[in-house]
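Using the sequences and the hints, build the whole thing.
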Amino acid sequence: MSSLKNTTLNKQTSLSSAPPLKTLPPRPNISQLENFAMSALAPSMAVVFTLPFDTVKVRMQLQGEVKITKDSTGKTIRTVAEKVYKNSFDCLFKTYKYEGIRGLEKGLNPSILKESSKNVFRLGLYDPILSIIHPTEDSTSSSSAPAYKRMIAGGLCGAMGAISANPFELVKTRLQSSAAGAIAVGNQYGYTSVFSALRHITSKEGGIKGLYRGSMISVYRGILGSAANLSSYTMLKDYAKREGFREGIPLDMGCSLVSAFISVVFMNPLDVVRTRLYNSSSNKSVLSNVLTIIKNEGWITLYKGFGTHFMRIGPHFCLTFVFLEQLKRGVKQVHIHNYHQQKTLNY
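Mind the numbering: the sequence shown is residues 7 to 353 in our numbering, read in order.
Simulated from the structure, these hints should not be mistaken for lab results. Among the clues, some could well be false.
Claimed, not checked - Derived DSS-like pairs: lysine-lysine, alpha-carbon spacing no greater than 25 Å straight-line:
| no. | residue 1 | residue 2 |
| --- | --- | --- |
| 1 | K73 | K92 |
| 2 | K301 | K290 |
| 3 | K338 | K349 |
| 4 | K73 | K89 |
Below you can see the structure in the form of structure tokens.
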């Protein structure tokens, strides 16, 4: 009996002397304001590196445009613009030869404004909208969301982003099309800055309405592109993590490059039409532009500049998601550090 009491006392003593169980810090959540800021910052950083390919894409899509006019007798004249560039690399080389680095980085300021204004909605609202469409017990995870819900969330974000960014996209395209005489394609506007372009468009092309030229096709492009991009990126990443791949830059890069290719397949036809519409001085409708391109240049023209488009979108999405994920990891580490500091002060 005494041995039983001793055993019980020993157990009680060992339990009382055992160190208290450690409680894990709460999972660090990123505030919506921080999410908006990082969603605007990451693509703005990426575009600095990928803008030369965007400039090349714009010029490749503009060259070879067929223009239909009529002479004094009413006879139809079909004029095919001379092709200045053999391919994307030739365009890259000639732009650098005639205009230098500044030529390749044309439209940088409106590009940064475009990326930040667009992705505040496109990236910043994706998770909140998806959590509404597909609520889960864990508000920080939506890995169980089916593809169609991810596409709906991506499409909604893409539409909002396209509307907010359209004025800067319009200005960027026109600045990029402006080139040295020997390599000029499309209409040449001669804008000297973002503000001169905005002032000219609002005063000569119908006021504020002029800034939203091509906005409907931008919305269609944004819906298709973002639905394809964000749904495929998140699904690929969720699948890879379930299969045991470690979270990090290699995973971010691989998933973003695959999602970029899928996005370009959906976006390129609308991108060609939008580039032509932005650069045009006429007020043709989207449908009229599509029919004109197909009639005069064939269906294949809708995939003009596909390679250059991917050369731009691939690295851009890759850098955007790498920067975004690294920023999020950094902010989470700061939250964890602050939590531990607060715990130390409380003791």
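Right, here's what the structure says about each hint:
At most 25 Å may separate the alpha-carbon atoms for a hinted pair to count; K73 and K92 meet this at roughly 20 Å. With a C-alpha separation of about 15 Å, the suggested pairing of K301 with K290 holds against the 25 Å cut-off. A hinted pair counts as satisfied when its Cα atoms are at most 25 Å apart, and K338 with K349 qualifies at roughly 17 Å. With a C-alpha separation of about 14 Å, the suggested pairing of K73 with K89 holds against the 25 Å cut-off.
Hint check: no violations occur; every hint is consistent with the structure.
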